[in-house]
Amino acid sequence: MIHFSFFEIVNILGTLSFAISGTSAAMRKELDIFGIVIIAFVTAIGGGTLRDILIGRLPVAWLQDNVAMTVIILGTITTIAFGTWVTKLNYTLFIFDALGLGFCTIIGIQKGMELQFSPGICIALGAMTGCFGGVIRDTLLNEIPLIFRKEIYASACIAGGLAYYGLLYFQVENNLAQVICIVFIVLLRIVVVKYQWSLPSVYFKKES
Amino acid sequence: MIHFSFFEIVNILGTLSFAISGTSAAMRKELDIFGIVIIAFVTAIGGGTLRDILIGRLPVAWLQDNVAMTVIILGTITTIAFGTWVTKLNYTLFIFDALGLGFCTIIGIQKGMELQFSPGICIALGAMTGCFGGVIRDTLLNEIPLIFRKEIYASACIAGGLAYYGLLYFQVENNLAQVICIVFIVLLRIVVVKYQWSLPSVYFKKES
Amino acid sequence: MIHFSFFEIVNILGTLSFAISGTSAAMRKELDIFGIVIIAFVTAIGGGTLRDILIGRLPVAWLQDNVAMTVIILGTITTIAFGTWVTKLNYTLFIFDALGLGFCTIIGIQKGMELQFSPGICIALGAMTGCFGGVIRDTLLNEIPLIFRKEIYASACIAGGLAYYGLLYFQVENNLAQVICIVFIVLLRIVVVKYQWSLPSVYFKKES
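Protein chains in written order, with numbering that gives the first Met the number 0: chain H, 0 to 207; chain U, 0 to 207; chain S, 0 to 207.
One or more of the hints may lead you astray.
Cross-link-like lysine-lysine pairs, in silico, BS3-like; alpha carbons within 27 Å at most [stated by the list, open to error]:
no., chain 1, residue 1, chain 2, residue 2
1, H, K193, S, K28
2, S, K193, U, K28
3, S, K28, S, K193
4, H, K28, H, K193
5, U, K193, U, K28
6, H, K28, U, K193
One-sided excerpt, in silico: chain U residues whose CB lies under 7 Å from chain H [stated by the list, open to error]:
no., residue
7, I54
8, V59
9, I79
10, A80
11, I120
In case anyone wonders, no lab produced these hints; they're calculated from the structure. Remember, predicted model here, so these are calculated numbers, not experimental data. Heads up, the beta-carbon is just placed ideally off N, CA and C, and yes, glycines get one too.
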């Protein structure tokens with residue numbers, strides 16, 4: 000039997016979540032089957048690929064085994080099978096995007112810590128890993144990327160990262176701290192969207 | 000005299016084809032001379048650059064000698080010289096895009112095989128090498144990328160890659176199998192566009 | 000006390016200039032505070048990151064120390080502080096974009112020379128380092144990238160690069176040649192925009 004570490008499980012869940020969110024987004028736009036697979040794939044591996052390139056861990060991980068590809072294809076097929084009669088693709092897209100954000104932020108932070116980067120850089124890497132897949136997804140589908148709408152999005156990753164370092168500082172066990180951080184990011188995204196929180200403006204008056 | 004291997008000749012032909020397709024696309028949009036050169040360059044080296052980054056073959060190949068740059072500049076100048084009185088830029092764009100797709104898919108698969116990736120990953124690398132230059136070209140020119148129109152495009156690369164592995168399996172000589180695969184992809188693209196083939200839809204009914 | 004080399008000072012000034020130009024561009028679009036920081040960051044590190052990836056200098060430089068991040072954050076805060084009562088954000092954007100172009104082109108050429116690439120490749124690397132941050136900035140803000148407007152933009156980097164090699168050929172001291180090249184690019188951009196110079200067209204007649 001194949002044994003997965005805690006880190007690998009989080010990684011697989013992150014990949015799966017973003018594959019589902021990508022599939023939902025592509026189905027909303029009524030892309031054909033191949034377009035859906037491309038968007039699911041790019042959303043799922045985008046953030047990790049950018050991170051691996053920037054830190055020089057090449058060839059990128061998903062080229063070296065078939066785990067990511069298998070997870071993405073299974074996630075896409077399942078979502079298509081259910082998605083054709085699920086009316087609330089919008090909701091599926093949102094909730095799995097939030098989950099992917101939580102899982103992938105932690106993965107990015109861990110990768111940065113392995114290379115002993117400073118906490119600020121690790122959190123930036125986490126935010127990039129979390130956000131970049133969604134940015135590509137939205138750009139390819141010609142939507143305004145979630146990251147640029149007036150919502151707390153990348154800031155949720157950063158807040159989660161700070162919370163994680165805070166927990167480590169108070170001697171919370173590493174895996175537990177990661178789980179708390181993931182839950183924190185997902186809940187924060189849900190609360191933000193539900194109550195339409197946004198960041199303060201830097202402008203004295205708005206004209207547009 | 001400089002001697003080129005079969006692999007290098009395919010690579011040069013792929014670069015040249017995409018340079019011509021990029022130049023045609025840029026001229027259709029009436030970009031100035033420098034805009035044309037940038038689009039030709041990006042179209043020609045885009046796919047290979049993405050592939051080399053993902054597999055970690057850095058610095059990317061076109062930085063290390065002047066072959067690619069020379070080919071691109073010659074292709075661009077020739078296309079501009081002819082293009083100003085050729086009215087069917089659309090057709091030039093399409094046919095050289097199909098040729099580039101064929102050549103570059105094979106190059107990508109070969110690079111993956113050198114690194115002993117699994118066939119699935121090699122075909123994905125081939126499809127990326129083939130498609131990515133055109134995706135950047137279309138994005139920069141603010142067109143809907145060919146890859147997302149309801150046509151068989153990336154799927155043509157994948158079909159070609161599968162055909163190539165099939166031929167190898169039946170002991171067809173490697174260079175011959177490559178040539179057949181290239182011809183297959185180019186013809187498939189022509190037939191697809193001529194008869195407007197598309198992939199089956201995953202939706203029960205279309206609303207938009 | 001920390002001591003910076005000439006090269007590092009040019010690098011910091013380039014980063015700072017592009018951070019200011021990115022902040023100005025994002026404020027013009029009335030992004031929230033986090034959107035502004037992302038755009039400033041991406042504009043400031045975009046060109047150098049693309050260059051470092053292409054030449055394989057990974058992890059990219061800004062991950063390995065906090066200099067770039069500190070410079071960007073200071074530049075962004077200052078620009079926001081002044082920007083809220085400065086009405087001419089357009090002008091700030093333009094002038095700091097021109098400065099960034101000058102500084103970063105030289106940085107890119109130097110990096111290429113370190114790796115002993117040919118002059119043509121070094122100038123191409125310089126132009127990419129100079130232009131790419133602005134291209135991402137404009138793309139993310141949904142503007143037509145400056146590089147594709149009918150102005151001399153990337154060509155200014157190339158002209159500056161040629162001037163630099165010309166000066167080296169005539170035995171001008173390296174740092175002096177770099178300063179002249181930076182001033183040349185900045186002035187060229189100002190003159191080009193002021194007098195609306197553009198490159199010659201390759202078309203016999205314009206229809207659009």
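Original post:
Holds or violated: is there a CB of chain H closer than 7 Å to the CB of A80 of chain U?
Top reply: violated (35 Å)
**OP:** Verify the proposed pairing of K193 of chain U with K28 of chain U, using a straight-line Cα cut of 27 Å.
**Re:** holds (24 Å)
Original post:
Taking the least C-beta to C-beta distance, is I54 of chain U closer than 7 Å to chain H?
Top reply: It holds, given that the least Cβ distance between I54 of chain U and chain H is near 5 Å, below 7 Å.
Subject >> 27 Å Cα cutoff - pair K28 of chain H, K193 of chain U >> reply: Satisfied, since the Cα-Cα distance of roughly 25 Å is no more than 27 Å.
**OP:** Mind checking the CB of V59 of chain U against every CB in chain H and telling me if the closest is under 7 Å?
**Re:** Interface hint status for V59 of chain U: violated (12 Å vs cutoff 7 Å).
Subject >> Distance restraint between K28 of chain H and K193 of chain H, which requires alpha-carbon spacing of 27 Å or less >> reply: This hinted pair holds, its Cα atoms lying about 24 Å apart.
Original post:
Under the criterion that the straight-line Cα-Cα distance not exceed 27 Å, is the pair K193 of chain S, K28 of chain U satisfied?
Top reply: holds (25 Å)
Original post:
Measuring from the C-beta of I79 of chain U to each C-beta in chain H, is the shortest one below 7 Å?
Top reply: violated (31 Å)
Subject >> Restraint check for K193 of chain H with K28 of chain S, where alpha carbons must lie at most 27 Å apart >> reply: With Cα atoms ~25 Å apart, K193 of chain H and K28 of chain S stay inside 27 Å; holds.
Subject >> K28 of chain S paired with K193 of chain S [C-alpha distance capped at 27 Å] >> reply: holds (24 Å)
Original post:
Should the hint that I120 of chain U touches chain H count as held when the rule is a Cβ pair under 7 Å?
Top reply: Check passed: Cβ of I120 of chain U comes within 6 Å of chain H, closer than 7 Å.
Checked against the numbered hints listed earlier, the structure breaks hints 8, 9 and 10; every other hint is satisfied.
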